[in-house]
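Given the structure of chain L, go ahead and fit chains X and H onto it with the hints provided.
Sequence order for the protein chains is L, X and H.
Quick note on numbering that gives the first Met the number 0: the first sequence kicks off at 0 and runs consecutively.
Quick note on numbering that gives the first Met the number 0: the second sequence kicks off at 0 and runs consecutively.
Quick note on numbering that gives the first Met the number 0: the third sequence kicks off at 0 and runs consecutively.
Hints listed in this document are in silico derivations from the structure and should not be mistaken for laboratory results.
Mixed in with the good hints there might be a few duds.
Listed next, the in silico SDA-like pairs over lysine to any residue satisfying Cα-Cα at most 20 Å (straight line) [to be verified]: (1) K99(H) / N191(H); (2) K158(L) / E275(H); (3) K233(X) / K437(H); (4) K437(H) / N27(X).
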Amino acid sequence: MTSRESILNNIKKNIPSSTIELPDTNIPHTSYKDKNKQFAISLKSVGGDAVWLEDESIDEFVEKNYQNSEVIVSTCKEFTGETKNANIPNTPHPLKNVDLAVIKAEFAVAENGAVWIKNSDNRHRALYFLATKLLIIIDKNNIVDTMHEAYEQITFDKKGYGVFISGPSKTADIEQALVIGAHGPTSACVLFVRKVSY
Amino acid sequence: MKIGLFIPCFMNELYPEASMATLKVLENLGLHVEYPIEQTCCGQPMANTGCAKEAGELAKRFLKIFKDFDYVVAPSGSCVAMVRDNYAQFLEGKEGFEHLKTHTYELVEFLHDIIKPTSMNSSFPYKVGIHNSCHGHRELGLASMSERNLPAFSKIEKILSLVDDIEFVTLKRNDECCGFGGTFCVTEDAMSSAMGIDRVNDHLSAGAEIMTGVDMSCLMHMQGIIDREKLPIKTLHIAQILAGEL
Amino acid sequence: MGHPEKAAEFIANDERMHWHDKALWFVREKRDLASHRLDEWEELREVAKQIKTHTINKLDFYLEEFEKNAKKKGLHVHWAKDAKEHNEIVLKLLLSRGAKKLVKSKSMLTEECHLNPYLENNGIEVVDTDLGERIVQLRDEAPSHIVLPAIHLKKEEVGKTFEKFLKTEKDNCDPTYLTRAARTHLREKFLNADASLTGVNFGIAETGGVVVCTNEGNADLGASLPKLHIASMGIEKIIPRLTDLSVFTRLLARSATGQPITSYTSHFHAPVEGGEMHIIIVDNGRSDIIQNDDFKQSLHCIRCGACINTCPVYRRSGGHSYGYTIPGPIGSTLGASKDLRTNKTLPFACTLCASCSNVCPIKIDLHNQLYKHRQSVVKAGLLGAKKYAVLKVATWVMKHPMLLDFGGSMARKIVPKLPRSILYSKANIWGKKRELPKFPKKSFKELYKEREENK
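Next comes chain L alone, as it looks inside the complex (with noise of 0.2 Å):
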């Protein structure tokens, strides 16, 4: 007998017959008047910014606020800024050194300040988390209020790779002070803007 069907056997020696149904996951649940407000502090409390873009272009944006990065790659077609292609590298690593990464977010989820990336247009996973700052682009209308209603927007039909980001990374390992900035980008700022293509 294989292990498969050692563990699968002593399972069902215990199943019941009939169990409960599998209930409905979308509950009624807390709602904001202001989405774009409750973002901003859900993900302030986690280190992180939220900006919205008025008249300024993205590329605008980058130059005035990131002035120290010089290595800046982007998967946002909307930024027009970036110093090198991070889909050029057969292997990932090479991506260490990206000061700048400006990746596109499908949409916002106020109630905890996270943002769903689908890893479209970009080769390297690895770039999220290699990146030492990040700069997080989202359609302004793209944005909703709690995991309930991002999970309606989400399928895995095919195979991918998708991940919530939410701020910068963290840790409180050491005597629980918390310390922005672990292994993966030390700085995570969400921008807002009119319009992007996906």
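Chains X and H only, in chain L's frame:
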């Protein structure tokens, strides 16, 4: 209304004043109370040590003694929790058990839920810290638990508020365990004492002159620490406050 | 040595014990703040419980669904019936791909399987990349908490460890400085790794993928740099649908540390370009627990650690006093299920205060399980002859009220007269830190009888 008074075994032996105060509180409200003389122990120490067979024997005995009362009332959250939550393992389906399970009350919840008095005709002009003994608190639901996201309430505070001149203090940790835990108090004595002294210190720094609660076992444990460390605070069972004693 | 002795040692250092207690209580308070912000918190817990109850009762079906859908996406699926087989599968995968350097993110399952020493004995360099885990790895200690592995250490101790292994500045124990040093040190490990191993928070049957939640980004750095990604998953980690994650992701981080979500919630449904992803489904005693209705719910656990943070016993005794992979309430029930003989003191390392059951996001009846495990200890003859004899005698006395009355009145006459040296001898365990209660002259029963006679 025929009430059977259930006095925990050790309260009978060591805390006759608190036991008598319980009787007095009920009788002062005009209630008819009997104390079945053959009662001994509900079996909690045995059950908590995993001795199911022995606990079951005492459970059967308890049912026999108390099954004909309209209500069974005890000055102990943990003993009542034993009857309401843990007796089913031994007595499910037995005649009289369903009634016993649903009509056995701890003193404060009996007053709060059933009798609903509007005054206790007593005065207690002291700063009081309420120790929310775990069984009464989390098993019987005597007050809202700090862990849960439910509306705040306290049956203990509500009933104690009927006593004139009483003042409540606010603790740092409203419902942390005191560490008595039954046989735990000797099998893990270092932990038990460490937990107990932290509880007492919480009440001391909150300015309490008296610590009270619905479980004499918790109070006995903390009083033992208070006496050893000679701390400026006393414990008093809630029945004695309700009866206006000091 | 069981829990009582180890706890006594921990408590003997009063300052440190209180420091540890306060640190964990702080995490519990953060959890309370987060859970009180959501009006629907209690409903979320109830739905989570229903999802897990349904799933465990159809676990064979969902495991097969998971395997089918994972394979459709090109993921490899292995089955390991025990720790030994799990470790062998991992080693075989590494050796066959010529992998010598492994980076690992947090996985209590691999702790349970003692994977690290096994791999190291077979020539593999294993680097735990979660900061807390790396610290304890360098110190050759076990983690003392499932979410906060180094919570038992003061920053000075971490500083000394990093001085030795990472060549950091002498006496610099600033957490930010030390974290930056670890970042540099571990970056080098990530970039040079041949393979990575992650745990799994949730395996989704509907899609065949796995979800990993971290704050540090170490699981993702590991899984996205080298070409080989191994994910070790206990059978109980399966959830039926993607939408179930909406409930669990709202509960997990809030329960664990009071944050609304972890920094990263990664959904792995494919390896990296040119890479391969292997999922190892591990039993190691879990399917046996399913067979016991009393303890089945312990398999619902999502490893948030909330029960550990709230446990007043854990906070004052530390994770190492449990002697099991996982400490605290959930560790005590899992440990008792796994090996009752070795872990027989764990169900008793508890006052049955029920705080754990109240914080559990899946509403596992933790304190009831520990209560029930005590009965298993007695049935297995592991209580100890002396303890059992005392309880048997007590039961017998309780069935004979006249004996009880007589014994009580003798005690009330004699005890007050005994000298302190006898009363508080070493045999009096109660008396170590407490005075005995003042023995009254009469019992309540005696007073009651007198009162009735005088009526």
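* **Straight-line alpha-carbon gap K99(H) to N191(H), limit 20 Å** => 10 Å, holds
* To do: Take the C-alpha atoms of K158(L) and E275(H), compute the straight-line distance between them, and say whether it is at most 20 Å.
  => 13 Å, holds
* **Hinted pair K437(H) and N27(X), Cα distance within 20 Å** => 28 Å, violated
* Asked: Is K233(X) close enough to K437(H), meaning Cα to Cα at most 20 Å?
  -> The given pair, whose Cα atoms are some 13 Å apart, holds under the 20 Å limit.
In this structure, the one hint that does not hold is number 4.
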